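Protein sequences, first through last, are from chains G and B.
In terms of the numbering used here, the first sequence opens at residue 1 and continues consecutively.
In terms of the numbering used here, the second sequence opens at residue 115 and continues consecutively.
Rather than coming from a laboratory, the hints here were simulated on the basis of the structure.
Do not take every clue at face value.
Think about it this way: if two alpha-carbon atoms lie no more than 30 Å apart in a straight line, the pair counts; the simulated DSS-like pairs of lysine-lysine are [said to hold, decoys possible]:
(1) K472(B) with K43(G)
(2) K472(B) with K29(G)
(3) K219(B) with K279(B)
(4) K279(B) with K43(G)
Keep in mind it's a predicted model, so treat the numbers as computed, not measured.
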Amino acid sequence: MKDFLLVYRTDYNTMPQGASPEQMQASVKRWMDWMGGIAAQNKLTDRGNRLVPSGKVVKSDNVIADGPYTEIKECIVGYSIVKANSIEEAAELAKGCPILAIGGNVEVREINDI
Amino acid sequence: MNQTELIPHLFRTEYRKIVSVLCKLFGIEHIEIAEDIVSDTFLLASELWGLKGLPENPTAWLYIVAKNKTRDYLKRNSLFAKKISKEIKSNAATSEEIEIDLSIKNINDSQLAMIFVVCHPCNPAEAQIGLALNLLCGFGVDEIANAFLTNKAAIYKRLQRAKEKLRTEKIEIEQPTLAEIDDRLSTVLMVLYLLFNEGYYSPNQDVTLRKDICLEAMRLAYLLVENEQTNKPFPKALLSLMCFQSSRFDARLNQNGETILYQDQDASLWDQELIAKGEYFLNQASQGDTISKYHLEAGIAYWHTIKADTKEKWEYILQLYNQLLLIDYSPIAALNRTYALAKANGKKEAIIEAEKIKLTDNHLYHSLLGELYTDFDNTKAISHLQDALALAKSPADKMHISNKILECRQKQL
Numbered sequence: 001m002k003d004f005l006l007v008y009r010t011d012y013n014t015m016p017q018g019a020s021p022e023q024m025q026a027s028v029k030r031w032m033d034w035m036g037g038i039a040a041q042n043k044l045t046d047r048g049n050r051l052v053p054s055g056k057v058v059k060s061d062n063v064i065a066d067g068p069y070t071e072i073k074e075c076i077v078g079y080s081i082v083k084a085n086s087i088e089e090a091a092e093l094a095k096g097c098p099i100l101a102i103g104g105n106v107e108v109r110e111i112n113d114i
Numbered sequence: 115m116n117q118t119e120l121i122p123h124l125f126r127t128e129y130r131k132i133v134s135v136l137c138k139l140f141g142i143e144h145i146e147i148a149e150d151i152v153s154d155t156f157l158l159a160s161e162l163w164g165l166k167g168l169p170e171n172p173t174a175w176l177y178i179v180a181k182n183k184t185r186d187y188l189k190r191n192s193l194f195a196k197k198i199s200k201e202i203k204s205n206a207a208t209s210e211e212i213e214i215d216l217s218i219k220n221i222n223d224s225q226l227a228m229i230f231v232v233c234h235p236c237n238p239a240e241a242q243i244g245l246a247l248n249l250l251c252g253f254g255v256d257e258i259a260n261a262f263l264t265n266k267a268a269i270y271k272r273l274q275r276a277k278e279k280l281r282t283e284k285i286e287i288e289q290p291t292l293a294e295i296d297d298r299l300s301t302v303l304m305v306l307y308l309l310f311n312e313g314y315y316s317p318n319q320d321v322t323l324r325k326d327i328c329l330e331a332m333r334l335a336y337l338l339v340e341n342e343q344t345n346k347p348f349p350k351a352l353l354s355l356m357c358f359q360s361s362r363f364d365a366r367l368n369q370n371g372e373t374i375l376y377q378d379q380d381a382s383l384w385d386q387e388l389i390a391k392g393e394y395f396l397n398q399a400s401q402g403d404t405i406s407k408y409h410l411e412a413g414i415a416y417w418h419t420i421k422a423d424t425k426e427k428w429e430y431i432l433q434l435y436n437q438l439l440l441i442d443y444s445p446i447a448a449l450n451r452t453y454a455l456a457k458a459n460g461k462k463e464a465i466i467e468a469e470k471i472k473l474t475d476n477h478l479y480h481s482l483l484g485e486l487y488t489d490f491d492n493t494k495a496i497s498h499l500q501d502a503l504a505l506a507k508s509p510a511d512k513m514h515i516s517n518k519i520l521e522c523r524q525k526q527l
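For reference, chain G alone in the conformation it holds in the complex (with noise of 0.2 Å):
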């Protein structure tokens, strides 16, 4: 078995805003499901994390910048860790993804570990 990040990406300005309580609530089960059935698998290497819309950009001549700016239509918003034999597998466990439904895609790397 092999880990892959999962690199969740999505614009910002499509994510509902000011989302009720309820609403929010349906979001955390969506994700939990979505995570509890890749864990159930016993694929889960590290749930990962959300990220802040806000940060900065440090250049290579030490310029820091504000950003990454969230006027982009493909904003990272959070990654997670999975395990599986393949890229295609992988793949596989990323369908599903709550990011999906509201537009975002799931970006699947193999990690290389040295």
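Please arrange chain B on chain G, whose structure you already have, making use of the hints.
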């Protein structure tokens, strides 16, 4: 209690106490001397009490005789006294004056210190459980062999090896320091958890023995909760879990020691007092900011003490299983989670998820799929139930699965 019942009873309750105190006095390398002294004490009791009748206070009698035997031993074995009891001697001029403290406080302190020795990670889990039964619970080799459904020689060897390991590793009999307590405590909790499960889920049909093991595990967990240093959220959560689980002890086994499934249990047999205790300790356990698998399992067990089969209940159980699997995968949690998923989100979704789990050599996996496919696709249900039947080992499981197959066949007609 007459004499024939009293001695085994006292052996169970007092043997471990005196052994703990003596072990702490002598050090782990002389564990056998401590055991011999206490065994001799009980031997003398069974001889004398048979002839002369019971003493007025049997427990006090045992303590006095054990103390005398210890002093005699130290006197006779001056070498042992010189080499080993240096520390003891520093407090006493001669071996006659050695204080053998069998007060309740010292017994509790010694037992707590012994818990950490017995659950030391230098021994594998199986050996830790055996040692716990032997040294902390006062179970004889016979009873342990019976509980593990194995022979006496194997258990004897396992215990000897484990004690030897403690000796060679020179494990100190003392409470761990504050710095190392969390680390050591987690092994202790794991052993107590396994010890409880050994009693709760054992295929052994001796219900009394199994109940005794569960009670002993609870007693040890309670010892941790009662002690200031170990009175932390995780032990409380474990104790809460044990209370909830054991509340169903009488309802989940028939007189042959066979399991009665949860949905078929008579809820009036659930012990409400234990349920209340479980709730109390779960509240107490929820004061920290970290959550352990014991918290989550106690939460799941709590929802199982509510008989009503509501969607809300199963939604809570599903989310607790989701969280449990994120921190600690086990096949049984994966299967139970899928059952909860069926109850909360519907069978259709659960079937898709169940097919992904692929625990194909586990009879419970096929039983679950059989259950999920029932009324949905009875042909598939029967096929899975037949796989389950082929894999199941216990007669009770086989009978239960056969009945399910019959039910499905009738639905097909």
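Task: Contradicted hints - numbers only - done: 4
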